[in-house]
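Colleague: So you can see what is in the structure, the chains are spelled out below.
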Amino acid sequence: MSEKSKETGVLGQLFKTFFAKHWPVLVGGIVLGTLNILLFAIKSPWGASGGINNFGENVYRLIGVFGLENSTHLSASFYGMLCLFLVIGSFIGALLSKEFAIRIPPKGELIKGFIGGGLMALGATFGIGCTIGAFFSGMPAMSGGAIIFTIGLFLGVIIALKYLMWEMEKFPGFSTGKSYIFLAGTGKSGNWQKWAGWAALIITFIIAYQYSGGNKIMTWFIIIGMLMGLISQRSRFCIVKAFRDPFMTGEADGSVGVMAGLFIGLFGFTIIKYFGIGMGDIALRTREMTWVFPHFFFRAAIGGLIFGLGMTIAGGCAVGTLWRVGEGQVKLWASALGFLIISPISKLFIVPPIVAAIPQSWDFKNYLPDYLGYAGAFALITLIILIWYVFVKWNEKTGKFSAY
Amino acid sequence: METKVDQTLDCKGLSCPMPMMKLAKAVKGLKSGEVLEMLGTDPGTKSDLPRWCNKTGNTLLDESELSGGVSRFLIQKK
Chain A
1 MSEKSKETGV
11 LGQLFKTFFA
21 KHWPVLVGGI
31 VLGTLNILLF
41 AIKSPWGASG
51 GINNFGENVY
61 RLIGVFGLEN
71 STHLSASFYG
81 MLCLFLVIGS
91 FIGALLSKEF
101 AIRIPPKGEL
111 IKGFIGGGLM
121 ALGATFGIGC
131 TIGAFFSGMP
141 AMSGGAIIFT
151 IGLFLGVIIA
161 LKYLMWEMEK
171 FPGFSTGKSY
181 IFLAGTGKSG
191 NWQKWAGWAA
201 LIITFIIAYQ
211 YSGGNKIMTW
221 FIIIGMLMGL
231 ISQRSRFCIV
241 KAFRDPFMTG
251 EADGSVGVMA
261 GLFIGLFGFT
271 IIKYFGIGMG
281 DIALRTREMT
291 WVFPHFFFRA
301 AIGGLIFGLG
311 MTIAGGCAVG
321 TLWRVGEGQV
331 KLWASALGFL
341 IISPISKLFI
351 VPPIVAAIPQ
361 SWDFKNYLPD
371 YLGYAGAFAL
381 ITLIILIWYV
391 FVKWNEKTGK
401 FSAY
Chain B
1001 METKVDQTLD
1011 CKGLSCPMPM
1021 MKLAKAVKGL
1031 KSGEVLEMLG
1041 TDPGTKSDLP
1051 RWCNKTGNTL
1061 LDESELSGGV
1071 SRFLIQKK
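Order-wise, the sequence lines are chains A and B.
At position 78 of the first sequence the residue is numbered 78 (the working numbering), and the sequence of numbers has no breaks.
Here the working numbering = 1-based position in the second sequence + 1000.
Okay, chain A solo, but in the shape it has when bound (with noise of 0.2 Å):
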């Protein structure tokens, strides 16, 4: 740890400050609910499946299958990029702190990798969205479809890490094994990962600034990707974590730290929707609905259910599985591909059937302010997050629902 340091200049002090240590969950979180209220001034809030899945469509694409000639190009796609650059900012910021290695782990990770990233893709297409989608911005955004993707979001994390320490008794050979290591910067030899981490964040700003020209809104859904990338990496954010590790080790960090960015989300998106901000040509009642989606109830419920098994088991959520990439987690490599291999398939052939089996009135788009009014529906949320608080600072310290 002690490497003989020399004296640091405010440059380098300032360097360290971000780099040379993880930030707090809380700070990261904070900042993340600021960025996604300035995604949504600018366009709408942050979402993190559907870019996966237009990953998965330019794959296809380019392959030729599945008729998906007319899908957005990446480059073109507002959330495309902004997953691309949300793996682009955390590769960044794990090179700055020398963090960024290729680690692969034994054989069965990396299954469990593919099929927890297969089934958040069957989770996000048929709930309409993820843990960012439909939780950390669909909170904030009053929705009521939100609520429910929530609950069956955590009943899916139970069930799910009930089955890892299942495995783990029964078969802890399932998770031993042979692993490699590249391209690790520890001391004085990994100082290229520094070097490596100025060169990309400076390719990221001049491909921001060349879109700059034609498609303004693309610039800063590149740079705020890449800060929350950035951000994520340093800070640890992973909102399986929160809601994993009550239940786990009984940590209560990671939750709060999600639960501050859910109440700054909430803040900026009232005032956003209340005062129709960044409204364009379009309705205000348009604006209020932003990111309410068609999936209340029974859509959500499902979806978050079978989105949180396998946010569990691929140990990421969609944001969580990027910014793993970024900085070289290759069972999260293995979760980004099942994502984005099942998404546009489970999008065109699996969910269209039982969607329309389904009656309208089980999926409709609710949202709170319209039973509630802003007050009440401001207020319903803030419960539902203290509630949770209360919950994890009890839990930690009596450990009552912890395993260990």
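Because the hints were derived from the structure by calculation, they are not lab data.
Treat each hint with caution, since some may be false.
Said to hold, decoys possible - Capping the alpha-carbon separation at 35 Å, the derived lysine-lysine pairs in DSBU-like fashion look like this:
1. K1077(B) - K1004(B)
2. K162(A) - K1025(B)
3. K1004(B) - K1078(B)
4. K170(A) - K1055(B)
5. K107(A) - K1055(B)
To be verified - Covered stretches of chain B (chain A as the covering partner; in silico rule of three or more C-beta atoms under 8 Å from a C-beta of chain A):
6. 1009-1018
7. 1051-1058
Note that CB positions come from ideal geometry on N, CA and C, so glycine has one too.
Assemble the complex: chain A is given as a structure, and chain B must be docked to it using the hints.
Modeller: Showing chain B alone in chain A's frame:
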């Protein structure tokens, strides 16, 4: 002075949550005062492990960086 290691847990290549789950299980199997050496490559462990020790009352005796991106932790059971 080199601490006597009673058991070694190899978590190289594993991603969250496997290292922490395996660690919790391994420490459960130790007797009080025994020392576990854990080797891991998930950057997350560097913040998760000290917090977990803090919470559970086990002692993190040492944390060091080996070559090849491997972190080594020595944990003494309460």
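Colleague: List, from low to high, the hint numbers that the structure doesn't satisfy.
Modeller: Every hint satisfied by this model.
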